[in-house]
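Student: Here is what each chain is made of, one letter per residue.
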Amino acid sequence: MEYEAVIGLETHVQLKTKSKMWCGCANEFGAPPNTNVCPVCLGLPGVLPVANEEGLRLTVLTGYLLNCSIPSFAKFDRKNYFYPDAPKNYQITQYDKPSTAHGFVDFEFAGGMSRVRITRAHLEEDVGKNFHFARNSGVDFNRAGVPLLEIVSEPDLTSSDMAYTYLNALKDILIYGGISDCDMEKGMVRCDVNVSVRPVGQKELGAKIEIKNMNSFSGVRRALDYEIPRQIAVVKAGGKLSQETRRWDDVGGITELMRSKEQAHDYRYFPEPDLMPFEPTAAWLEEVSRRVVELPLARKQRFMTAYGLPAPDAETFVNDVPLADYFEQVTATAKNPKAVANWVINNLRAKLTETGTPLAEVKIKPADLPDLVALVDGGKISSKIAQDVFAEMFATGEAPAAIVEKKGLAQVSDTGAIEKLCDEVIAANPKSAEDFRAGKGAALNFLKGQVMKLSKGKANPGLVGEILERKLQS
Amino acid sequence: MLNQLTIAELTAQLSRKEVSAREATQACLDQIGRIDSQLHAFLSLDAHDALAQADAVDRAIAGGANATAQPLLGVPIGIKDVLAVKGAPLNCSSKILGKYVSPYDATVIEKLRAAGAVVFGRLNMDEFAMGSSTENSAFGTTRNPWDLSRIPGGSSGGSAAAVAADECVATLGSDTGGSIRQPAALCGCVGLKPTYGRVSRYGLVAFASSLDQIGPFTKDVRDSATLLEVISGIDHRDSTSLPQPVPHYRNALTGDIKGLRIGLPKEYMIGGLDPEVNSAVQAAVKQLQSLGAEIVEISLPHTDYAVATYYIVATAEASANLARFDGIRYGQRVDADDPLALYSKTRGAGFGDEVKRRIILGTYVLSSGYYDAYYLRAQKVRTLIRQDFLKAFEKVDVIVTPTTPTAAFKIGEKSDDPLQMYLSDIFTISCNLAGISGISLPCGFTSNPRLPIGLQLLGQPFGEETLLRVAQAYEQSTGWHKERPPFSAAGK
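These protein sequences, in sequence, are chains A and B. Counting from 1, one number per residue, gives the positions in the first sequence under my numbering. Counting from 475, one number per residue, gives the positions in the second sequence under my numbering.
Rather than coming from a laboratory, the hints here were simulated on the basis of the structure. We treat Cβ as the ideally placed atom computed from N, Cα and C, and that holds for glycine. Misleading hints may appear alongside valid ones.
[Claimed, not checked] Not everything, but these chain A residues come out facing chain B in the computed CB check (under 7 Å):
| hint | residue |
| --- | --- |
| 1 | Pro39 |
| 2 | Val50 |
| 3 | Lys75 |
| 4 | Lys79 |
| 5 | Asn80 |
| 6 | Asn89 |
| 7 | Asp274 |
| 8 | Leu275 |
| 9 | Pro277 |
| 10 | Phe278 |
| 11 | Pro312 |
[As the list claims (entries may be wrong)] Mimicking DSBU-like on lysine-lysine, the simulated pairs with C-alpha atoms at most 35 Å apart in a straight line are:
| hint | chain 1 | residue 1 | chain 2 | residue 2 |
| --- | --- | --- | --- | --- |
| 12 | A | Lys212 | A | Lys75 |
| 13 | B | Lys560 | A | Lys75 |
| 14 | A | Lys75 | B | Lys760 |
| 15 | A | Lys75 | B | Lys830 |
| 16 | A | Lys79 | B | Lys573 |
| 17 | A | Lys16 | A | Lys79 |
| 18 | A | Lys212 | B | Lys830 |
| 19 | A | Lys79 | B | Lys854 |
| 20 | A | Lys363 | A | Lys18 |
| 21 | A | Lys129 | B | Lys569 |
| 22 | B | Lys740 | B | Lys819 |
| 23 | A | Lys129 | A | Lys203 |
| 24 | B | Lys865 | A | Lys97 |
| 25 | A | Lys79 | B | Lys819 |
| 26 | A | Lys384 | A | Lys365 |
Turn these sequences into a full structure, and let the hints steer you where they fit.
Tutor: Listed below in structure tokens is the structure:
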């Protein structure tokens with residue numbers, strides 16, 4: 001019997017706000033332990049939470065980016081559990097009335113398009129971090145109270161690769177939207193997995209097993225690569241799986257039982273009495289919706305169709321938004337955007353890196369790159385000369401036509417002048433001329449190079465080839 | 475004796491420079507020194523700090539400060555041990571907080587300071603404000619100044635006793651189900667529970683967040699208005715505080731209540747009501763009538779469910795609010811090898827029986843499978859109770875009831891019977907569930923022993939002006955508030 005996996009993901013993402021969710025402490029990674037703390041995020045007696053409006057905005061903005069609906073009424077709840085990293089021993093979260101619900105993410109997978117439905121993206125608070133020393137333990141509460149978005153997917157994923165690809169697509173969307181920096185190493189994204197297996201064709205889901213403790217997307221993939229075959233093996237051997245939570249051991253590369261269903265927490269959710277329900281007005285939502293940006297996939301598709309770019313070039317621009325914005329700005333007047341894209345991706349980017357120039361300080365004027373391309377396309381200069389012209393443009397900000405004019409770089413297509421140069425070269429290289437006549441085609445390239453050299457690169461290479469060949473064969 | 479003055483009297487003398495703030499504070503400290511070993515209203519106090527504050531006020535007065543701009547200038551005000559005062563111990567009358575000192579001031583404390591008050595002392599209470607007698611304090615029971623063998627009420631028993639016994643000019647307490655009004659009634663002073671959202675809760679250690687309000691204990695209604703005006707207002711640190719403008723409450727004290735409609739809820743005439751309490755309240759109703767008010771019988775049909783509803787909502791919230799007392803970050807810790815054992819030992823040793831009882835009850839009503847039957851249903855009933863009041867307030871301006879079914883009971887009388895203890899709050903609880911305003915003021919005495927009886931007036935949401943106007947008109951026409959317990963008045 002064939003088995004298939006059914007996978008859903010719960011992805012936690014730290015929101016990119018200046019301050020924490022309920023207090024004014026900095027939302028900042030890497031500060032010395034317990035320096036970004038105050039009575040509120042430490043849960044000292046008597047304190048109250050006050051919602052950070054930017055956290056609410058980013059939550060709703062995420063909803064828009066993930067095609068969710070935004071309910072007119074959302075509220076906060078307390079999730080009760082004891083753990084040393086939880087300052088209040090309850091977490092403020094959104095239980096049954098989240099700020100966003102019923103969305104989806106489209107992404108490219110296995111040569112086609114896939115869609116994962118989003119159950120909800122709800123706002124909650126991060127907890128502190130436990131540290132264990134030789135004789136005791138400590139808690140750093142810098143992270144406690146940082147706004148955290150939990151993005152829950154429907155069980156629409158069927159493989160570890162698909163889960164991995166979805167996570168990366170989700171991450172791209174969140175970075176794009178300015179929701180989160182999604183820096184895995186700084187713990188800004190964390191992911192729990194729900195996975196079950198069932199015989200192909202069966203409708204009912206198998207026992208849902210939750211896996212925790214993956215600290216990278218590849219960890220998620222590896223955990224699934226371990227867990228799915230494990231579950232299938234259990235079922236195939238006639239065993240029975242039951243709902244449980246397992247811990248991923250990244251070093252050992254295995255999952256192990258953390259708690260069974262009987263040991264599952266009863267979180268005793270109830271409405272947070274310290275916070276008012278969140279009922280966004282139309283004007284507020286309108287303001288947030290103005291921050292919606294074009295998503296990576298849509299952008300890629302647009303770059304491919306609008307500018308005729310090949311997929312790798314479009315992807316380059318998806319991954320480098322400022323460069324893409326620059327490209328779109330300069331290519332507005334271009335007849336040949338694909339060639340402009342080449343200049344931007346291959347030449348401009350290299351120059352920026354080489355000289356350490358920020359994109360904003362580039363001297364080349366918007367219309368100049370398309371002009372350069374037009375000079376090449378019109379046979380005015382060779383592509384080799386164009387490199388020199390580009391270097392000059394980058395250095396001085398001068399227009400390409402002016403540089404060509406000033407330096408006399410215009411391509412020579414005067415046959416009389418080229419014939420003269422060819423005659424000189426043939427005369428100076430009798431051995432190569434002989435070789436060509438004897439059938440060694442490569443000799444022509446050598447002679448051609450000599451002519452180009454003699455013309456300081458200005459001779460029209462096509463014409464040089466034609467004339468040389470004619471002269472040698474005559 | 476300056477400690478016996480009201481806020482109005484003291485600030486008047488201070489502004490005429492007849493007395494100094496230091497003398498006023500010293501008078502309170504002297505009174506505390508003389509009687510508090512018997513009364514036990516205070517858990518602790520920092521006399522040095524209090525006098526330093528008083529000296530600062532004296533310098534400010536010399537520099538031109540006055541009570542018009544700072545209505546509490548030089549007034550010594552004691553603080554219930556549930557409010558955060560920077561640099562002061564904060565124990566909530568519990569062992570679990572150990573040697574905890576608050577690093578910040580509650581919003582109301584900031585407001586008191588800005589108004590020129592001398593903020594001092596930690597006043598005894600039932601542990602975490604859970605109780606009606608202060609017998610649940612981990613640090614001993616406060617006595618009723620009218621009869622030291624009796625309880626002062628609770629949970630703000632220390633705050634009530636301190637005002638009644640002239641240890642302070644006024645105090646702050648908190649009221650979750652009657653914790654201001656009930657002890658005010660039993661000690662014979664004025665206690666006001668503001669509308670939910672009127673006063674910021676920032677810095678009030680939460681018992682039941684959706685019910686808690688901070689309020690004043692004073693010697694008369696005018697002082698209550700003064701103090702309420704100072705502590706009220708929206709606070710950006712408390713999302714549940716409301717942007718309602720703060721009126722000049724003292725201006726509402728016109729003495730004129732002609733034509734006001736006063737409601738008498740028929741459901742409050744219960745069997746357990748002490749006859750002397752009943753007749754005092756009936757007399758008060760007649761008095762209000764003679765002052766020109768119209769008495770209207772009203773119905774609050776869901777009254778019977780109030781106590782049960784309260785003990786579900788309040789304990790549910792408390793079970794989460796008290797979770798933070800775990801010995802990890804602050805307070806008393808009983809160490810163990812793993813976090814779970816540490817929690818059990820710390821909380822087992824740190825909390826008293828009543829607190830544990832309520833945490834267990836609250837945990838239970840929120841548990842999977844019971845939530846709908848208890849918590850959710852209680853919230854629905856709560857809405858009905860609020861609707862009862864809002865409907866009644868379409869017909870009347872204020873509602874009058876006894877504050878408590880009986881006068882102060884004996885220490886130990888109900889401490890083994892939680893249910894009997896819970897029923898002592900039967901008249902005060904609905905006010906918190908409905909989120910409305912309420913005040914208790916003296917309306918007479920029982921005959922033998924002579925114990926104060928409290929009259930409760932309930933007002934509309936943000937109806938404190940009317941509430942205070944009626945209360946003051948009654949008070950000024952009777953003079954019960956001027957009676958002082960012989961115990962503390964002796965030796966003057």
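Student: For every hint, state whether the structure bears it out.
Tutor: Each hint tested on the structure:
Because the closest C-beta pair between proline 39/A and chain B is about 5 Å apart, less than 7 Å, the hint holds. Nearest Cβ of chain B to the Cβ of valine 50/A: about 5 Å, under the 7 Å cut. The hint holds. The closest approach between the C-beta of lysine 75/A and any C-beta of chain B is roughly 12 Å, which is over the 7 Å cut-off, so the hint fails. Of the supplied interface hints, the one on lysine 79/A is violated, with its beta-carbon coming no nearer than about 9 Å to a beta-carbon of chain B, more than 7 Å.
Taking 7 Å as the C-beta cut-off, the interface hint given for asparagine 80/A holds, the closest approach to chain B being about 6 Å. The interface hint given for asparagine 89/A holds, since its Cβ lies 3 Å from the closest Cβ of chain B, which is under the 7 Å cut-off. The closest approach between the C-beta of aspartate 274/A and any C-beta of chain B is roughly 5 Å, which is under the 7 Å cut-off, so the hint is satisfied. Given the 7 Å rule on beta carbons, the hint for leucine 275/A holds: about 5 Å separates it from the nearest Cβ of chain B.
Proximity of proline 277/A to chain B is violated relative to the hint, the smallest CB-CB distance being about 10 Å (cut-off 7 Å). At its closest, the beta carbon of phenylalanine 278/A sits 11 Å from a beta carbon of chain B; the interface hint therefore is violated under the 7 Å criterion. Below 7 Å, beta-carbon pairs count as interface contacts, and proline 312/A has none with chain B, the closest being about 50 Å; its hint is therefore violated. Among the hinted pairs, lysine 212/A with lysine 75/A is consistent with the structure: their alpha-carbon atoms are about 27 Å apart, no more than 35 Å.
Proposed proximity of lysine 560/B and lysine 75/A is supported: the alpha carbons are some 32 Å apart, at most 35 Å. At roughly 47 Å between alpha-carbon atoms, lysine 75/A and lysine 760/B are farther apart than 35 Å, so this suggested pair is violated. Annotation: proposed proximity of lysine 75/A to lysine 830/B holds, straight-line Cα distance about 29 Å (limit 35 Å). Note on lysine 79/A and lysine 573/B: the hinted pairing holds, with a Cα-Cα distance of about 29 Å set against a maximum of 35 Å.
For the hint linking lysine 16/A to lysine 79/A, the alpha-carbon distance of about 23 Å falls within 35 Å, and the restraint holds. The suggested pairing of lysine 212/A with lysine 830/B holds, with an alpha-carbon distance near 33 Å, which does not exceed 35 Å. Annotation: proposed proximity of lysine 79/A to lysine 854/B holds, straight-line Cα distance about 21 Å (limit 35 Å). Distance restraint check for lysine 363/A and lysine 18/A: the Cα-Cα separation of roughly 33 Å lies within the 35 Å cut-off, and the hinted pair is therefore satisfied.
Using a Cα cut-off of 35 Å, the hinted pair lysine 129/A and lysine 569/B holds, with the two alpha carbons roughly 28 Å apart. Between the alpha carbons of lysine 740/B and lysine 819/B the distance comes to roughly 48 Å, so the proposed pair goes past 35 Å and is violated. For the proposed pair lysine 129/A and lysine 203/A, the alpha carbon gap of about 41 Å is over 35 Å, so the pair is violated. Of the pairs offered as hints, the one joining lysine 865/B and lysine 97/A holds, with about 30 Å between alpha carbons and a cut-off of 35 Å not exceeded.
With a CA separation close to 23 Å, the supplied pair lysine 79/A and lysine 819/B stays within the 35 Å bound. Pair hint lysine 384/A plus lysine 365/A holds up; C-alpha atoms about 21 Å apart against a cutoff of 35 Å.
The structure fails to meet hints 3, 4, 9, 10, 11, 14, 22, 23 from the earlier list, while all remaining hints are met.
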